[in-house]
Each structure stands twice: as structure tokens, then as C-alpha cells.
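K.L.:
Residue numbers (this note's numbering): 167 to 604.
Treat the hints as calculated values from the structure; they're not laboratory data.
Keep in mind that this is a model prediction, so the values were computed, not measured.
Treat the hints with care, since some could be wrong.
Said to hold, decoys possible - With a cut-off of at most 20 Å between alpha-carbon atoms, the simulated EDC-like pairs for lysine to aspartate or glutamate come out as follows:
#, residue 1, residue 2
1, 369, 359
2, 297, 344
3, 369, 348
4, 369, 336
5, 251, 276
6, 369, 268
7, 369, 303
8, 297, 348
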Amino acid sequence: MAASAACWGREDEMSRDLAAKAELVKLARALNTEPDAVAFADSLDATDLHQLREAISGSLYDEHRVVYQRIAAASKLLPAPMTAKIAEHAFPPLISARVAAELGAERAADLAGRLPVGYLADVCIGLDPRKVARIIERIPLDRATEVATELVRRGEFITLGRLIDAATREQLLGVAAEVDSDEALLWIGFYAESPRHLTEAIKALPDERIRRIVHTALDGPAEVHSAGLALMSRVDDARLRRQLGDMAAECAPSSLTALVHTAVDEGFLPEILTVFASMSEASQRSVMTLDVLAEQGVLVALVRATAAADLWDRLLPLVEYIDDDLRARLAALVTEYDDDVLHSVVAIAQRDRRWSDLLPLIGSMTVSGRRRVARFVSELRAPMLRDVVDSAQQYDLWSQLFAVAEYLDADAVGVVYEALGEADQELLAGDLRAVREA
């Protein structure tokens, strides 16, 4: 029926909970404390947390920027070997990180080649990648790989995730080839700063390495599931998101079941909806038959998350792949919500032309639910009502159409009747004519 969702382009709707979780950890790092110490900010969304972190980092940097500029200016008076030796033995790595932002890119890259790998790794922890991107891109591949490998050894995934924004494609490939741990790459992606750079970083990897990372995410413990969901839902390229979703669908039902349970337990259902809705039709047909989706607790949580975040454009494409019993239970849960939610469902079906997805759901509703939905369908303008009829004709959904058409108001029934006349559906037109006259 309708094509699966391609790219919604709104990160705050795709992974707000997981993105916020990552931002809290980064905020704690910026304040040199533990994540528990910044739990007071967990009511903020990811965007607000990011802005708060940037403001704090900027304030801490600007407070002593004049000093950093003076050190940078003085260092230019000395030969590079001497400057590197002084920095290593006289300056804490954080100070060197701040000074690097005030040095010229060529000078800073030259110094980086003269400092020990361990010291450079310490410096990277304090770097602001946006301020030193021109330096990072000039670091030779072998040195960049050595430093990244050391950071992986230390478990400094936050630092490496932030560096993705500034790394070159050659550096990304070199580091990925050197780092054998797929889980490490998964966590680096979790802490990436921007969806765009995360997407480009994943695209740079060979397909088989991407598959290994996705399978590692699904076969691992709950915390690794979270990192995997963030990775798959944050990419901003529709084709890549589909590829990741299809790779996830290759995993064993037990792994997919565990992923769903983690999403329910941790509140990450928007992310899993994004992953499922991004899959190809074949993968959707497969995952929507998972027994876990028929568990009442899972189904209730799924509908609750969809209604809360208005994610009907994720859920509707999946409705056609569930069996009649599950569809009826889903319809019953949807109609438990107030009219604002039902209106939103109709509005999204109209906006995205997903009538072929919504009509089967309406057909599974009780009479009371159909009457309520029909009120909002009746408000659609004539061209939109004709879209409903066109979908019924294209996908042979006449019984589902009539399930709602018989409760439309007189004007809407007239529009549907005329559209049916054009489609030469005499039998159904006769039924609607009787309703219209009544």
C-alpha cells in the first residue's frame, strides 16, 4: 500500500529521549561531574540541554580566553620542538586544548605530531571540535588513528563522538579499520553531535561493517539496545535509515523481541517506531508478526507513545502488516483517546495521503469509533474526500470505506457518491445513495 515513511527531517521527533540522555552525559562532562549530579536538568529536551551545555562551555572558555591567546602568541616565538616539550611538561592537557583553538591550524597540527599519543588523547578530551576543525583535518592519518585507538582503549566514547563532526572521511575509515570493537563504534555514534555528521560517518563504512554494528546493537544487553536505537533513528538519510532498519530485521526474533522490551522499559518507543517505519515492505511484514507486539502491555505503550508525540505517520504504515485480531485491539486502544487525538490521526492521513493505511484501522473500529472518526473525515474538502475514494479503489478497500462512509454527513456522502459514480462502483454507489436519501 502506501510507501513506508522516508525521512521526516525532525530529529526532535525521532529520538528526543535518547538524544536527551546523551546530552545529559555530555553536560556532566562539561561540568566535570557525574551524570547523577545533573539529573536536575532531565526535564529539559535534547535541544535545550545542548544549548545549556554550549552556553556553559562557551562561558568557561571565554572567561580565560585572553590568557589562552597570550600563550598562543608567545609559543609562536619558539621552535615547534621546544614548544611541544614545554606544553607536555608545563601545561595541563585542558590548557593545551584551549590554546590550540587560538593557534593557526598548520602550527597546531605540527605540534600535535610532536606530542606523545597519551598526552594528545588527554588534550582531545578538552577540545571543542568546532573551534579546531581545521586542525583536526590536518592531522596525519597514522597519528589520528593512534590517538583514536588510545581514546577507545580508555572508553572515551563521548570525546570520539564529538570529534566525528571534524574528522575527514579518510580519518573515519582509518579509525574504523583499526578499531575492531563494533560496540565501541556504536557508542561513538551514540555521542555524535549532529545527525548529518553521524550519517556521513556511517556512510563511509563498508556495508558489512555497518551490518556487524547493527547486529551487535540488537544482540547485546539493554544499554547497547539504546545506543543502537539512537544510531538507527538519528541518521538523516532515508536510504541509509532503511538500510539500517532492514539489517536490524535480519536479526533473530529473540533479539528483536528484546529490543522492543527495552524500548518499552526505557521509554524509547518513538525511536523503535522510527526504525520500523523506515524499513522496506518485506522487513515490515516480517517484524510486525513478532509475538511481542501482541502483548497487551507493549501494545498499550506503543499507542500511548504514538499519541503523546503525535507519531501516527510512523504507526499508520505498519497497520496493514498486522493480523485482524491485533488490528481490532489497536483500533480499540486508539478510540479510547479523546477527539483531539482522532482528529490528529485523520489530519496526518490526509497530509501524507495514507488513507490506504487508515481505512483498515477504521474498519476494525466499533460503531462508536467509526462515528467519531467520520466527523473529522466529513470536514475534509471535496478533493481530499476524493483521495479517500481513490485509495479505496486502488487497494480494494470498499468495505473499509463504507464502514466510515455510512456515518459521514450529507455533504460528504454526496462527494463520496459522486466520486464512486466516476469510478463506476454501482453496487456501493447504490448503498451510499440509500444513506444519502435517508
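K.L.:
Does each hint fit the structure? Answer for all of them.
P.N.:
Each hint, compared with the structure:
no., hint, result
1, 369 <-> 359, "holds (16 Å)"
2, 297 <-> 344, "violated (26 Å)"
3, 369 <-> 348, "holds (15 Å)"
4, 369 <-> 336, "holds (12 Å)"
5, 251 <-> 276, "holds (13 Å)"
6, 369 <-> 268, "violated (32 Å)"
7, 369 <-> 303, "holds (18 Å)"
8, 297 <-> 348, "violated (29 Å)"
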